[in-house]
Amino acid sequence: NAGVTQTPKFQVLKTGQSMTLQCAQDMNHEYMSWYRQDPGMGLRLIHYSVGAGITDQGEVPNGYNVSRSTTEDFPLRLLSAAPSQTSVYFCATSRDTNTGELFFGEGSRLTVL
Amino acid sequence: GQQLNQSPQSMFIQEGEDVSMNCTSSSIFNTWLWYKQDPGEGPVLLIALYKAGELTSNGRLTAQFGITRKDSFLNISASIPSDVGIYFCAGPYTGNQFYFGTGTSLTVIP
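As given, the protein sequences belong to chains A and B, one line each in that order. Here the first sequence stands for residues 1 to 113, where the numbers follow this note's numbering. Here the second sequence stands for residues 1001 to 1110, where the numbers follow this note's numbering.
It should be emphasised that the hints constitute simulated quantities derived from the structure, not laboratory data. This structure is a prediction, so every number in the text was calculated from the model and none was measured. There may be inaccurate statements among the hints.
Said to hold, decoys possible - With a straight-line Cα cutoff of 25 Å, these simulated SDA-like cross-link-like pairs (lysine to any residue) come out:
hint, chain 1, residue 1, chain 2, residue 2
1, B, Lys1036, A, Met41
2, B, Lys1036, A, Pro39
3, A, Lys14, B, Lys1036
4, B, Lys1051, A, Asp26
5, A, Lys9, A, Asp26
6, B, Lys1036, A, Asn28
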């Protein structure tokens, strides 16, 4: 059982480039979400999805797009990367959001030059 | 967004000491969660609290849901080196948005 798999683990981009961070889960969880982690800021919610075809904005959605065409995958797209998007990104899923238990991937470290 | 403030921001303690940290919110939460993040990994849930005043333990960890519903506390007794990491409080906002605190970084000196 892989759980939550994020790729790539590391990426360096130049300002203005685009890229997609992949998140795949094999736990059949309906809820998926993306967070960014910055020093002193904790984890901030970017976008989330409660099921295939449904996405919504979190606390810091600007500069990011998401889609949810299948239960398993929830990619995060940066259309035109900026240095302010240098961060560690985490994908998290949940079987039942009422419990509050989120299962996190190992993270993707992105540097934008 | 919701503001969850954790204190202290960092702690350096000797192995065997007890640890206390807390989390305060500007809003009322109906659920309080405590997560731990080991270096290079994603956070993992330690304890979940669902009722004001609730006190819950998980081994050497004890957490409490504050009576005002705007705060929560986490205690670790007899710390060991593997307790090193970042501890986050979190709570659900609007049910499907989970907000995390700023984190408390714990270093245990053997």
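Each hint tested on the structure:
1. B:Lys1036 - A:Met41: Given pair B:Lys1036, A:Met41 holds - Cα atoms ~15 Å apart, limit 25 Å.
2. B:Lys1036 - A:Pro39: Given pair B:Lys1036, A:Pro39 holds - Cα atoms ~16 Å apart, limit 25 Å.
3. A:Lys14 - B:Lys1036: Outside the cut-off at roughly 32 Å; violated.
4. B:Lys1051 - A:Asp26: Cα-Cα ~32 Å, so violated.
5. A:Lys9 - A:Asp26: Holds, because 18 Å separates the two Cα atoms, which is no more than 25 Å.
6. B:Lys1036 - A:Asn28: holds (24 Å)
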